[in-house]
Amino acid sequence: MPDVSDFILKLQRRRIEGSHATARQTAELLRSVVSQTRMPYTNQAAALLDAVRAVGEQLIAANPVELAVGNIVRRVLHIIREEDLSSSAVSFEGLMISEKSDDEDDADHKGGPVLSAAAVAAAARSTLRPRSLQTLLEDGPLPAAPSKSSSAGDSEGKSKSDKSAVGKRLKHSVIEAINLLIEEIDDCYEDISEQAVEHIHQNEVILTLGRSKTVKEFLYAAKQKNRSFRVFVAEGAPRYQGHVLAKELIQKGLETTVITDSAIFAMISRVNMVIVGAHAIMANGGVIAPVGMNMLALAAQRHAVPFVVVAGSHKLCPLYPHNPEVLLNELKSPSDLIDFGEFSDCMDFGAHGGAPLMHVVNPTFDYVPPNLVSLFITDTGGHNAAHMYKLIADYYSADYLVIKRKSTSSN
Amino acid sequence: MAQKKGGKSAASDDPEELARMPLQAVLLADTFNLKFRPITLERPKVLLPLVNTPMIDYTLAWLVSVGVEEVFLFCCAHAEQVKEYIGNSHWGQSHAGFSITTIESNFSMSAGDALRFIEGKNVIRGDFILITGDTISNMSLTEALQAHKDRRKKDPDTVMTMFVKRSKPMPLTHQTRLGNDEIMMAIDPETKQLLYYEDRFDSSKRAVTLDKSLLADNASLYLRTDLEDCCIDICSPEVLTIFLDNFDYQHLRRHFVKGLLHDDIMGKKIYTHEIDSSYTARVDNYRSYDTISKDIIQRWSFPLVPDVLYAGNRAQMRLQREGIYKAPDVTLSPSVRIGAFTAIGSGTIIGENSSVSNSVIGELCTIGRNVSIDGCYIWDSVTIEDGCRLSHSIVCDGVHLHTGATLEPGVILSFKVEVGQNITVPAYSKVSLLPQPSKQDSDEELEYADTNSGVIDSPSIASISPANIEHDHVSSFDTEQSVLLEGGLSGVGYIWTSCETGNEEEWRYSVAPIPVEKLKEFYAKMFDEDESSSDGEQTGITHSGELISESKSTDFDDSDGEYKGDVSKFEKEVEETFERALGGVAEENVQLEINSLRMSFNVTHAECAGAVFQSVIKSAIIASNSSKSNLLKATIDAIERSKGLLSYFITNVDEEIEVILKFEEMCMEITREFAPIFSSVLHQLYDKEVITEDAILKWESEKADADESDKVFVKQSEAFLKWLKEAPEEDDEDE
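Line by line, the protein sequences give chains B and P.
Be aware that the first sequence starts at 1, since it is given in UniProt numbering, and climbs by one per residue.
Be aware that the second sequence starts at 1, since it is given in UniProt numbering, and climbs by one per residue.
Rather than coming from a laboratory, the hints here were simulated on the basis of the structure.
Bear in mind the structure is a predicted one, so any value in this text is a computation, not a measurement.
Positions of the beta carbon are idealized from the N, C-alpha and C atoms, including for glycine.
Among the hints, a few may not be true.
Below, simulated SDA-like cross-link-like pairs (lysine to any residue); rule was C-alpha separation at most 25 Å, straight line [claimed, not checked]: (1) B:K10 to P:Q146; (2) B:K332 to P:R318; (3) P:K168 to B:N362; (4) B:K10 to P:F72; (5) P:K121 to P:R152; (6) B:K10 to P:G92; (7) B:K213 to B:M267; (8) P:K722 to P:V690; (9) P:K121 to P:F247; (10) B:K252 to B:Y240; (11) B:K332 to P:P303.
Chain P residues, not near chain B, derived (Cβ > 10 Å throughout) [as the list claims (entries may be wrong)]: (12) C231; (13) L434; (14) K569; (15) N595; (16) Q716.
Turn these sequences into a full structure, and let the hints steer you where they fit.
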C-alpha cells in the first residue's frame with residue numbers, strides 16, 4: 001500500500017505538523033486501509049482488525065511522540081469492533097426473523113431487558129459510546145458487555161451462512177463510522193468553541209501561551225457573542241508562536257497584550273482564567289503541552305487562577321504517562337535557540353579535550369500533572385481531570401489499548 | 001497567432017517546467033581522496049557509519065525531504081558494496097519517495113571524471129542538485145531553487161548556486177571543527193554572485209591578492225572568511241558540458257569553480273545562497289567525522305538524528321536524559337557509568353565498572369569489565385576485553401582488543417584488526433589488515449575496489465611470522481609490521497606509516513582533539529602576529545570583508561613592470577584607432593573602441609585621457625609638416641576637430657592634470673618641436689574648455705617643488721598663469 005509507506009515517511013520526517021492534521025490524515029489513511037482490505041469468508045472483523053493493527057503499529061513506530069496517531073488507530077479498532085457486534089447481530093436477527101429487520105429491533109431483541117429501542121440504538125450506533133457515564137445516567141443500565149460477548153460468539157457461527165452480505169455490510173458500516181470520526185475531528189473546533197460563552201465572561205482577562213488553533217477559535221467564538229475581554233499572550237519561546245496568535249487575535253478586534261514567557265508569574269495575578277491548548281491528554285488527566293506550560297500551570301495554581309485546557313477528543317490518549325518529560329518528548333534542533341553561525345566556535349570539539357562544553361537543549365513538550373488542571377473542555381463538554389479515564393473508556397476498547405501486543409507475540 | 005503563442009509559452013514557462021521536470025540529483029558515492037584510508041580500502045566511505053547509520057542514509061534522507069524525485073547514484077570504488085546496500089535498504093524500494101539509479105564507472109578518478117561520465121549517459125534533463133554521499137544537511141531547498149530558476153530565466157549564463165553557511169570567523173575554528181582550511185570568498189552583496197574563491201586561504205598572512213579587474217568591475221564586493229562551503233550545489237545542465245569541454249577539470253572546487261571565476265571568456269556565473277539556521281556539513285576527514293557525530297548527537301541536524309532517522313529493521317535508539325541514546329536491548333551492568341552524549345547501539349553488552357563517555361558504540365559489541373572508553377567511535381561487532389583503555393579512536397567492525405590493550409588518542413583500527421594483550425597502540429597510528437600500498441597514488445583505491453574483507457585474511461595471517469615477534473614494535477612504527485603481543489597471544493594487522501603529510505601533521509585531521517601544546521603554539525602564533533601588526537584587524541581583512549588599500553597597493557607594486565609595458569602598448573593602440581578616426585570613422589565608434597581598449601588593457605581613466613591627447617598632438621605634427629607657425633595652427637585645428645572626443649575622455653580635474661603632464665612629457669621627449677609653443681597650446685586648450693582653470697593651477701602648484709629642469713614649461717607659461725590668477729579676481733571684484 002503505497003500511501004501507507006508515504007504517510008509513514010512523512011511521520012518519520014516530521015513533515016506533518018500538529019495533532020489535528022495528523023489525526024485527520026491518520027483517519028483517512030485507515031479508511032483507505034479498511035476499504036482495500038480483502039474480506040475473507042470467515043471472521044471478517046478479525047481480518048479488518050489485523051489489517052488496521054498492522055498498519056497502526058507501523059504508524060505509531062514512525063513517530064511515537066505524536067500520540068494522535070495512536071489515538072486514531074485505537075478509535076478505529078474500537079469502531080470495527082462495535083460495528084462487528086451490531087452487524088453480526090443484524091445477520092443473526094435477520095436469519096431468525098426477517099431480512100429487513102433493522103438495528104433498532106435487533107438491539108432490542110438481543111438486549112432482552114425492557115429498554116427504549118431508539119435510545120439504545122442511538123447510543124450503540126451513532127455515538128459509539130454505549131457505556132458512557134452520560135448514557136448510563138440518561139438511559140439507565142445498558143446490558144452491554146455480557147450480551148455482546150455472547151452474541152459475538154453466537155454470531156460467528158451463524159454469520160458463515162450469510163457471509164457476503166455481512167462482509168459488505170460490515171466494511172461499509174466501518175467506513176461510514178470512520179467518516180463520522182473524520183467529521184468529528186473536523187468539527188471539534190466548533191463543538192468546543194460553542195461552549196466559550198459559558199466560560200468567558202464580560203471584562204475578564206484571559207492568559208494563553210503559544211498558539212493553539214483550538215484556543216484561537218474558542219476566543220473568537222466568545223468575541224462573536226459580544227463578550228468583551230482582554231487576552232494576554234505569552235510568546236511561547238523558542239518558536240514564538242504567540243506572536244502569530246497575537247496578530248490573528250488583533251485582526252478579529254480582540255484586545256491583546258503580548259508578554260514574555262518569563263513575565264507570566266508577574267502577570268498572573270491580574271488574570272481571571274488561563275486557557276491553553278494541548279498536544280495530548282493522558283488517561284490520568286495529565287497534559288502533554290508545548291514547553292513552558294508546566295511553569296504557567298504552577299503560576300496559575302499559586303494565584304488560584306483556573307487553568308483550563310481545551311482540546312478535541314482526538315487528543316485524548318488512553319495511555320498512562322510514564323516518565324513523560326523524557327519518553328513523550330521530542331528534542332528539536334538547537335538552531336531554534338541559538339544561531340549556529342554565531343556559536344560555531346563554542347561547538348569546538350577539537351579543543352578542550354574533545355568534550356563539548358556547550359550543550360543546548362530544546363525540548364518541545366512539557367508535562368502538566370493532572371492536579372494542576374482545573375478543567376478540560378472537549379467537544380463533549382467540560383470535564384474534571386479525575387474524570388478523564390471514564391471519558392476515555394467511552395472512546396476506546398480496553399482490549400486494544402496496547403497495539404503492539406499482538407504483533408510481538410506473533411513474532 | 002505565432003506571437004500570441006510565443007507570449008503564452010513565455011508566461012507559463014516556469015510553472016510548467018516545474019511541474020514537468022522532476023527534480024534530479026547527482027549523488028557522488030565516492031569522494032576521490034584518501035583521507036579515510038585505510039578504512040576505505042575495505043568499505044566505501046559513504047557506507048561508514050555516522051552515529052550508527054551509514055552516511056549515505058543521511059544524504060538520501062535529506063534528498064527525499066527536499067522533494068528530489070530522481071537520484072543518480074554514482075559509484076566508483078567499491079561500487080558493488082554500494083549497490084548491494086542500496087538494493088537491500090528501503091531506499092531501493094518503490095515507496096522510498098524517489099527513484100534511485102546507480103551509475104557505475106570503474107575508471108573515474110575524480111569528480112570531474114564522474115560528471116563527464118554522467119554527461120555521457122545523457123540522463124540529466126534540467127537543473128540538478130550535486131552532492132556527495134557524505135554530506136549531512138537539514139536545510140530547505142525551495143527558496144534557493146526558486147532563486148536559481150529566476151536567475152536562470154534572467155541570465156542563462158548562470159550555471160550554479162553554491163550553498164554557504166556562516167560560521168564564527170575564529171581563525172582556529174575551521175581547523176578545530178572540521179579540520180579544513182579557511183575559505184575566502186568574494187561575493188557581490190546585491191546579486192550574491194560569487195566573484196572569487198580560495199579554499200586554501202591563510203588568514204595569518206593578513207593579505208590577499210585579488211585581480212584588479214575584480215575591484216574595477218564591481219561597485220562593491222564582500223570579502224568573507226566567515227563562510228563554510230556546504231558542498232551542495234544546484235547546477236544547470238551546462239555544468240556537465242563545461243566539464244566535458246574542459247577535460248582537465250578534476251576537482252569540483254579547485255578546478256571548476258576557480259576555473260569559471262578566472263576565465264572571463266566563458267562568462268558563466270556562479271551564485272551563492274547563504275543558509276542561516278539550518279545545519280549542513282560534510283565529513284571530509286577524521287576530524288570532521290568526530291565533530292559532525294557530536295553535532296548529530298546534539299541534534300543540530302534534526303530531524304536527521306539517531307532516534308528519528310529510519311534505520312530499516314534495526315531497533316530504534318531512544319533518547320534519554322543528558323543526550324544518551326540507547327537501543328532498547330542494550331545490556332548494561334548496573335555499575336556501568338554512561339557519560340553524557342553517548343550512543344549505544346542494539347545488542348551491545350557492557351560489563352561491570354566500565355565507563356563510556358562522549359562516544360558512539362555500534363551494534364552487537366561486547367565490552368568487558370573495567371574498560372574505559374572516551375571520545376571513541378566503536379562500530380559494529382567489536383570485542384573489547386577487560387581492562388582496555390580507549391581514548392579518541394575509531395574502531396571498525398570486527399576488531400578484537402585483548403585484555404589490557406590501550407589505544408592512545410587518534411588511533412584508527414580498521415576492520416578485524418586484533419590487538420594483543422597489554423599492547424599500547426601509539427597515538428595517531430592507523431592499523432589495517434591490508435598492507436600499505438607502496439606508493440600513494442589515487443589509482444590505488446581502484447585496485448582495491450572489489451577486494452573484500454573475506455579475501456584479505458590470508459596475507460595478514462602470513463605476516464605474523466614468529467620473526468616479527470622479536471621486533472620492537474612500539475618504538476619504531478615507521479615501517480609496516482604487525483602489532484603483536486606479549487605472552488604468546490598475537491595481534492593481527494599492519495601499522496601504516498603516516499601519509500605524505502608527515503607525522504607532525506597527523507594531529508590536524510585526526511579524530512583526537514588537538515593536543516594542548518599545539519593549541520598553545522597556534523594561539524602564540526596568532527598572538528605574535530597581533531602584536532607585530534598592532535592594528536592587524538583593521539588593516540587586514542575583517543571578517544565581514546572590507547578590503548583595505550594596503551593589499552591593493554601591494555598588488556600594484558607586484559605588477560609594476562608589466563603595468564608600464566601595458567600602458568605604452570595601450571597608447572600605441574589608441575593612436576592607431578585615432579588615425580583611423582581621422583579617416584572618417586564616426587566619433588561614437590571611436591569612443592567605443594577606445595573604451596574597450598581601456599577595459600582590455602585595464603588602464604585608468606586618466607591614462608586613457610593622456611593617450612587620447614597624445615594621439616591628437618601627434619596628428620597635429622603630421623598635419624603641420626613640421627614648420628613652427630604651421631604647427632600651432634595645425635594643433636589648434638586638431639584640438640578643434642577632436643574636441644568632442646577629448647571632452648568625452650577628459651571629465652575631471654585629475655584627468656586634465658594628467659593631460660597637461662603628458663603634454664609636458666611629450667614636449668621634453670618625443671615631440672620637441674612643441675616645446676616653444678607649450679604655453680600657446682595650453683592657452684588654446686583653456687579657450688576650447690578642454691582643460692579648466694583649476695587643473696592648470698593645480699598643475700602649477702604640483703610643479704612648485706619640482707627640480708628647476710622640470711619647471712621649464714611652468715616658467716614659459718608664467719604670463720598665462722598670471723593672467724589666469726588675476727582673471728577670477730577681477731570677476732570677483734566685478735561682482
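Results of checking the hints against the structure:
Straight-line distance between C-alpha atoms of B:K10 and P:Q146 comes to about 23 Å, which keeps the hinted pair within the 25 Å bound. Between the alpha carbons of B:K332 and P:R318 the distance comes to roughly 14 Å, so the proposed pair stays at or under 25 Å and holds. As the CA atoms of P:K168 and B:N362 are separated by approximately 22 Å, the hinted pair is consistent with the 25 Å bound. At roughly 23 Å between alpha-carbon atoms, B:K10 and P:F72 fall within 25 Å of each other, so this suggested pair holds.
For a cut-off of 25 Å, the pair hint linking P:K121 to P:R152 stands: about 24 Å separates their Cα positions. At most 25 Å may separate the alpha-carbon atoms for a hinted pair to count; B:K10 and P:G92 meet this at roughly 18 Å. Proposed proximity of B:K213 and B:M267 is supported: the alpha carbons are some 23 Å apart, at most 25 Å. Restraint check for P:K722 and P:V690: satisfied, since their Cα atoms lie roughly 19 Å apart, inside the 25 Å limit.
Taking the CA atoms of P:K121 and P:F247, the gap is near 17 Å; set against the 25 Å cutoff, the hint holds. For a cut-off of 25 Å, the pair hint linking B:K252 to B:Y240 stands: about 20 Å separates their Cα positions. The straight-line distance between the Cα atoms of B:K332 and P:P303 is roughly 8 Å, inside the 25 Å bound, and the hint therefore holds. Here P:C231 stays apart from chain B, with its beta-carbon at least about 16 Å from theirs, past the 10 Å limit.
Every CB of chain B is more than 10 Å from the CB of P:L434 (nearest about 28 Å), matching its label as outside the interface. The Cβ of P:K569 sits about 47 Å from the closest Cβ of chain B, beyond the 10 Å cut-off, so the non-interface label holds. Here P:N595 stays apart from chain B, with its beta-carbon at least about 42 Å from theirs, past the 10 Å limit. With 10 Å as the threshold on Cβ separation, the claim that P:Q716 sits away from chain B holds: the shortest Cβ distance comes to roughly 65 Å.
When held up to the earlier numbered hints, the structure conflicts with none and fits them all.
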